[in-house]
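Colleague: One letter stands for each residue in the lines below.
Number of protein chains: 2
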Amino acid sequence: MDREISRAFLIIPEIREFLSQNDREALKEIFYAYEPVEVAEILTEFSLKERVLLFSLWNIDFAADVFEKMEKDDQIALMGAIDEARRGKILNELAPDERVDFFEELPEEMVNRFLSIMEREEARDARELMTYDASTAGGRMTTEFASLKEDITVQQALEELRKTAKELEMIYYIYIESRYNHLVGVISLKELIMAEPTTKLSEIMHTKLVTIPIDMDQEHMAAEIAKYDFLALPVVDNRGRMKGIITVDDVIDVIEEEDTEDMYKFGAAGEHVEDYMSMRPTLVARNRITWLLILVVTSFLSGLIMQKFSFALESMIALSFFIPLIMGSGGNAGTQAAMVTVRGLATGEIRMGDIWRVVRKEFLIGAMLGGGLGVLALVRALIFQKSSLLGTTVAFSMIITVTAATCLGAILPLICKRLGIDPAVVSGPLITTVLDIASLLIYFRIAIFLLGLS
Amino acid sequence: MDREISRAFLIIPEIREFLSQNDREALKEIFYAYEPVEVAEILTEFSLKERVLLFSLWNIDFAADVFEKMEKDDQIALMGAIDEARRGKILNELAPDERVDFFEELPEEMVNRFLSIMEREEARDARELMTYDASTAGGRMTTEFASLKEDITVQQALEELRKTAKELEMIYYIYIESRYNHLVGVISLKELIMAEPTTKLSEIMHTKLVTIPIDMDQEHMAAEIAKYDFLALPVVDNRGRMKGIITVDDVIDVIEEEDTEDMYKFGAAGEHVEDYMSMRPTLVARNRITWLLILVVTSFLSGLIMQKFSFALESMIALSFFIPLIMGSGGNAGTQAAMVTVRGLATGEIRMGDIWRVVRKEFLIGAMLGGGLGVLALVRALIFQKSSLLGTTVAFSMIITVTAATCLGAILPLICKRLGIDPAVVSGPLITTVLDIASLLIYFRIAIFLLGLS
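Chain order of the listed sequences is A and B. Per full-length UniProt numbering, the first sequence runs over residues 1 to 454. Per full-length UniProt numbering, the second sequence runs over residues 1 to 454.
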């Protein structure tokens, strides 16, 4: 997607002016009118010293909100530079899930130092969240949710909420917990507002709950929330106790992350790292070399096949002219089919039960595509090589290669999925390389048969 | 992402039981306990006749919610089969944005018939929404938002909301409109609940608003909402009048759609169509053939190049054994680099201003990768062909090809973007085919020079 420069960048000259005049009041007011994410963008234009000054002016709520939106590197630099009292206050004020994301970038020793200057309860909370794997529901959830007991009235619930709302990330769903912290129900704030003030929560709450197990992986978790169109889902441990919530904005981040990962796999581009722009070239190269090496070794096989059939090439050098065409068409047709299946499995459009229907369909598609391209190749051979036998060889090879490529491209991701491997590892380059070998074998066999070479 | 079978499927035997007993009360109660999306999933297991019966039992709210979650084909069949009175009621009750999505699948004549049985105001609303392009903010927005005047108090606002909440999709942000429907402010329900009951809305509303222009494309729109972490953003026309809202669940759909489109482009798989499983193979084939034809024509060029240099191949047939290796490595390295830039531009990780840094970086990465693979190719040539000259030829070709491929893969998407073309058209197959030609030229030139062929 396309991101544009923020409207907030327009106020940068004004801010510089206020900074040079040391006009503290104006520096507060001008920033407060903007959203934290915009302020974080603006800050990238200012020096660390200026940032420290600004963070010492702002109220803690606002400072924490802006801090959450900054880049990890800038967060670390800022935390190191501000004075300890303010540092502790900001750490206490951060959203629990954002705080853990920040801590995960730091060496353990520094985390412990930060935990030691935080309020006891917040520090305990952070320690608990850090025990969960970062890519599971536990690692993504926030612990600031609205929770009430079932035996109070709507009126009492609203009063209670009024008191606690400020601390909470999300008050639009209110979770009802039993005496033993078991999640027993949920009410939306909308329902609460519409209900009679004297009704008991237990009478109006929903009790068939959709919950996320605390160890569910983030991809699966995002799919659940996207499916239900809820603003948040509760996270429960294996004893049914409520531990936190996942909000819909976390889901957007997860979907973008997971799609990026899938695309990198499809491009055989190695692991996705967050900071491509600041990463050293040697590290990026190391990231990509593994796949290239695997593919090179497979290409060696293509070379060996050609070597084995060199007698055919020697007796008719024109055979070699069609090798790029046949290998290329197979690779491209296979890549198309693989893309459709990989993405179809990811979005749920294709299910495992559809496996035979997909294969049958792709077989027909492949035969049609192969037929079309085969005729084209035949025409080319007739025009440039004036050999109908060579033309027939190429045309037949094309039909068989493209059909096989399309089927293989479609079926490989399904097989991976059945074996419990992420279907996205079936990348374009992998398909291409595997098909190179297959198409050479097909081509030479047909050539030897039709042209009577030996 | 991974979707699993819903927990709701467990109740299917029970439902069949109730259907055979014609137990209408039980059929209502058992469904009401589940979420609309789950009910829509369950319905796929039942016949059209059974669906019609169920839709006639349920209350209209629930029926409309379930209808919204059904597949387009099933929606059309159901609407055709239920009686007209109920049909009109369900149409009136649908969320405006979902209703327009449904109408867009239908022939104009049928839409007019449906509009004629709807309430006047709902029909007018639907007609207006249909005038906007489906992939813009106007085509995505819903018109059911909470709107109040600025001169009322918090107390009055809450009372007003209590009355209207049932009709609205989203009451967690309340938009403040001037007398001329100009959007002048916004307050969250959270802020409203925390505020003093006697405060005027004008005193507490936010006035620096982030808005979405009604003609903004959906990709850009999704990026804006994802950036701000809001639950919804207001959509305004070019005179600043508020027309609707975009909610965060729309954004999730858009992101998945746009990512799918990008991936299809990268796999050169043609247009993404929603119903792969139900689409005829001929149509899928037609969808994919365009790219294959373009790539085949490019492959012809590779063949012509080989033909031109056939004298070199004739004097040393072993030269041909390395063609798959060199072409393959170039294609793969280029695909990797293209993937990183395409996705980086999409997520905003790489910006247009970074163009030279990216190229410099990819040049270094390419040289390292090419060097590594070149050494490997040299070793292979020494072992199997026992020719150090051929080995040197292959090694040099590898270094130059892979370096050029990496740079080209990285820079092509940036050039496209600058020219106003979607960078995602720089697909793996395109890169591979372009590089086939380049790598053959490089390889033959080096071979002729080093091996003294002519």
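Take these hints with a grain of salt, some might be off.
For identical chains, the list gives no copy identity; a pair is met inside one copy or between any two copies.
Claimed, not checked - Below are the BS3-like pairs computed for lysine-lysine, each with C-alpha atoms no more than 25 angstroms apart in a straight line:
1. Lys89 x Lys28
2. Lys227 x Lys72
3. Lys89 x Lys190
4. Lys28 x Lys308
5. Lys69 x Lys190
6. Lys200 x Lys89
7. Lys208 x Lys386
8. Lys386 x Lys49
9. Lys386 x Lys28
10. Lys149 x Lys72
None of these hints come from the bench; they were simulated from the model.
Colleague: At 25 angstroms max between alpha carbons, let me know whether Lys89 reaches Lys190 within a copy, between copies, both or neither.
Modeller: Between. Shortest inter-copy distance 24 angstroms satisfies the 25 angstroms Cα cut-off; intra-copy 33 angstroms does not.
Colleague: I want to check one pair: Lys386 and Lys28. Are their C-alpha atoms no more than 25 angstroms apart within a copy, between two copies, both, or neither?
Modeller: neither (80 angstroms within a copy, 74 angstroms between copies)
Colleague: Checking an output row: Lys28 and Lys308, CA cutoff 25 angstroms. Within, between, both or neither?
Modeller: Answer is neither: 76 angstroms inside a copy and 71 angstroms across each miss the 25 angstroms cutoff.
Colleague: What label fits Lys89 with Lys28 when the C-alpha limit is 25 angstroms: within, between, both, or neither?
Modeller: For Lys89 and Lys28, only the intra-copy Cα distance (18 angstroms) is at most 25 angstroms; the inter-copy one is 53 angstroms.
Colleague: At most 25 angstroms between CA atoms: does that hold for Lys208 and Lys386 within a copy, between copies, both, or neither?
Modeller: neither (74 angstroms within a copy, 73 angstroms between copies)
Colleague: Within a copy, between copies, both or neither: where do Lys69 and Lys190 come within 25 angstroms Cα-Cα?
Modeller: between (29 angstroms within a copy, 21 angstroms between copies)
Colleague: At most 25 angstroms between alpha carbons: which applies to Lys200 and Lys89, within, between, both or neither?
Modeller: neither (38 angstroms within a copy, 32 angstroms between copies)
Colleague: Which holds for Lys386 with Lys49 at a C-alpha limit of 25 angstroms: within a copy, between copies, both or neither?
Modeller: neither (76 angstroms within a copy, 64 angstroms between copies)
Colleague: How do Lys149 and Lys72 come out at 25 angstroms by Cα distance, when the copy is not named: within, between, both, or neither?
Modeller: neither (38 angstroms within a copy, 42 angstroms between copies)
Colleague: Is it within a copy, between copies, both, or neither that the alpha carbon of Lys227 lies no farther than 25 angstroms from that of Lys72?
Modeller: between (31 angstroms within a copy, 16 angstroms between copies)
The structure does not agree with the numbered hints 4, 6, 7, 8, 9, 10 stated previously, though it agrees with the rest.
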